[in-house]
Amino acid sequence: MKDEREKWARARIVIIGIIFGSMFLTVVGRAFYLQILQHEELVKKAEKQHQHRVDLPPVRGSIFDRNGTPLAESIHMDSCYAEPKRIKDVNGTAAVLAPMLGVPKKELVAKLSINKSFTWVARWLAPETAARIKNMKLPGIGFAPESKRFYPNVETAAHVLGFTGRDPNGLEGIELRYDSTILGNTGYMITERDALGRNIAIKNTVIKDSSPGNSIVLTLDKTIQFIAEKELAKAVIESNAKSGMVLIMESDTGKVLAMANYPTFNPNSYSRYSLAQLRNRVVADSFEPGSTFKVFTIAAALEAGAVKATDVYNCENGTYRIANRVIHDDHPHSRLTVSEIIKYSSNIGSAKIGFKMGEERLSGYLRNFGFGARTGIDLPGEASGYMKRNWYGIDLATIAFGQGVSLSTIQLVSALSAIANGGTLMKPYLVERILDDSGKEVQRFEPQVVRRVISTETARKVSKMMETVTGEGGTGTKAAVDGFRVAGKTGTAQKVDPVTRTYSPSKRIGSFVGFVPADKPKLTIAVIIDEPQGVKYGGVVAAPAFKEIAQNTLAYLKIAPNMPTTRTQVPIESKNDPASEPESVSEGNIEEMAADGAVMPDFRGMSMRSVLQVMEKRGINIRLIGSGRAAEQSPPPGHAIGGKGAVWIKFAPSA
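All residue numbers for the sequence shown refer to the working numbering, where the first residue is 1 and numbers rise by one.
Bear in mind the hints are in silico, worked out from the structure with no lab data behind them. There could be a bad hint or two in this list.
Below, in silico cross-link-like pairs of lysine-lysine (DSS-like), each with a Cα-Cα straight-line distance of 27 Å or less [what the hints assert, rightly or not]:
1. K388 - K464
2. K148 - K134
3. K356 - K520
4. K88 - K148
5. K85 - K105
Just need the whole structure built from these sequences, with the hints factored in.
Spelled out as structure tokens, the structure:
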């Protein structure tokens with residue numbers, strides 16, 4: 001009996017041991033499953049239950065001009081948020097915040113009353129406003145650091161840079177084209193919550209700052225851009241035109257040094273402008289080029305051997321009938337050489353050269369110049385232009401002098417640069433380098449050859465012909481630059497009326513395109529004036545702007561004249577100072593000012609750009625020396641500008 005009880009006791013011990021062992025193994029296994037295998041998933045669930053995360057917009061990298069001057073940058077600002085569940089006095093809080101934020105109290109009350117644990121009250125507050133609200137220590141009101149896109153030069157290069165939204169994703173221009181490159185990593189803000197889901201004190205907030213993206217260095221030069229924008233605005237206003245465009249490109253490389261549109265806009269407040277004002281017309285708009293196209297027709301004919309520079313054409317005294325159409329020249333001529341056809345811009349002569357080339361050959365050469373296809377410039381929204389696949393009857397004649405074909409300004413300048421540089425079509429581009437957030441170069445873009453279009457000899461011959469345009473008797477004498485040989489071409493094209501689908505009797509596009517110095521081209525420049533009033537000829541409305549842009553840019557780049565000059569040019573020293581702008585001053589102009597009895601303003605402490613604006617407003621001309629901000633001037637403020645005394649302003653870098 002005793003043995004049986006002992007056996008049963010041992011059996012119970014074993015059974016209990018097995019049960020407890022099984023339970024222990026189950027607990028250990030469950031703990032291993034939860035703590036090891038399910039660790040990450042459970043942590044995430046816990047965080048969702050106990051933490052509230054608010055994503056903060058990423059910090060965008062900067063955009064610089066080729067000299068390192070910032071054109072777009074992100075600045076850190078405080079944004080105000082609310083935790084409505086922690087606000088007991090909604091009306092009182094709204095009454096305090098409304099006048100400081102400049103919003104109606106009713107609007108704030110609605111925002112602070114919502115059944116949410118988090119809501120933005122105001123984004124990107126001015127520092128003084130944020131400081132005032134912080135000092136009040138309002139319950140349920142907190143602040144998070146955010147970055148805001150800022151364009152320090154306001155309207156300068158606005159259409160090239162584009163702008164960003166609140167996200168802040170790029171919406172136009174370089175900001176859009178290189179959005180993934182410039183955009184940094186998203187940051188976040190986390191607030192702890194209790195078991196009931198209520199947010200714990202704001203001071204326990206955990207913040208991970210956004211990290212900046214890569215920065216971009218453009219081929220654009222801020223000073224040259226300013227020159228282009230200033231002269232374009234002047235040309236559009238003086239001709240009472242609808243709008244205008246200027247493009248400046250390095251002839252050999254395809255680097256864009258300036259790209260200007262007028263009217264322009266302020267990217268810091270882009271929402272105030274219409275979509276039409278925000279569009280970069282230099283790349284997005286196509287237009288009929290008119291007589292500027294004759295250059296490419298004649299280049300093609302010379303390259304194909306269809307004509308020689310000395311060939312003579314009967315220009316029919318200004319009237320030439322083809323089937324049921326009549327082609328006119330603005331200035332009648334009887335017989336002109338090929339070179340004179342460019343000089344005097346004869347439609348009839350160009351049409352006859354087009355007939356001699358034939359559709360297939362002429363079309364092939366024009367397409368090789370890049371017409372009818374996008375250039376591939378690194379900007380969004382580029383237009384391809386239009387060139388018919390099949391030409392009928394009159395088409396060959398009209399296309400030869402730039403009617404019935406459309407192109408963009410970027411196509412026109414790229415094609416003209418091929419003539420300037422000896423026959424090679426280059427791909428235009430705006431981004432030169434990409435830098436990481438430490439400033440280290442991670443990518444560099446080099447000039448790209450698209451193809452050879454014409455021979456060096458043909459390019460040289462066409463360049464010589466184009467020089468006659470700015471010479472005595474040519475249509476572009478107002479584009480001549482003192483001390484330099486200028487190769488150019490005027491254009492005055494009819495616009496198609498969108499309603500009648502026929503050519504408008506009054507609307508024109510006046511243009512001048514060219515390169516300088518003609519013997520060793522550095523700059524290819526196009527000035528396009530849309531719908532000028534009064535005199536509409538490109539040689540009148542666009543050529544003077546070309547001259548001023550070329551003259552000031554050459555002085556800024558310190559490219560010395562290689563021909564006798566009739567005036568002394570004083571180039572401005574530029575040491576990459578953001579405020580420095582160029583000016584070309586004639587000693588003769590300085591003497592003329594004395595007769596006007598002008599009084600010297602007080603320029604001390606002003607930037608060069610501000611000085612130039614005052615000079616233009618008052619109609620005075622002063623020699624500018626150095627770069628930075630005005631430090632000295634002669635004569636002193638309030639003294640008459642006159643006599644034999646020197647008139648100058650010296651600039652020095654800011655301390």
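- Query: Under the criterion that the straight-line Cα-Cα distance not exceed 27 Å, is the pair K148, K134 satisfied?
  - Reply: With a Cα-Cα distance of about 20 Å, the restraint between K148 and K134 holds, given a limit of 27 Å.
Self-check item: Hint consistency between K356 and K520 [alpha-carbon to alpha-carbon, up to 27 Å]
Solution: 32 Å, violated
Taking only the CA atoms, is the gap from K88 to K148 under or equal to 27 Å? Cα-Cα ~32 Å, so violated.
- request: Quickly compare the C-alpha distance for K85 and K105 to 27 Å and report which way the hint goes.
  value: Holds, at about 19 Å.
**Agreement of K388 and K464 with the hint, judged by alpha carbon distance not exceeding 27 Å** = Not satisfied, since the Cα-Cα distance of roughly 30 Å exceeds 27 Å.
When each numbered hint is compared with the structure, violations occur for hints 1, 3 and 4.
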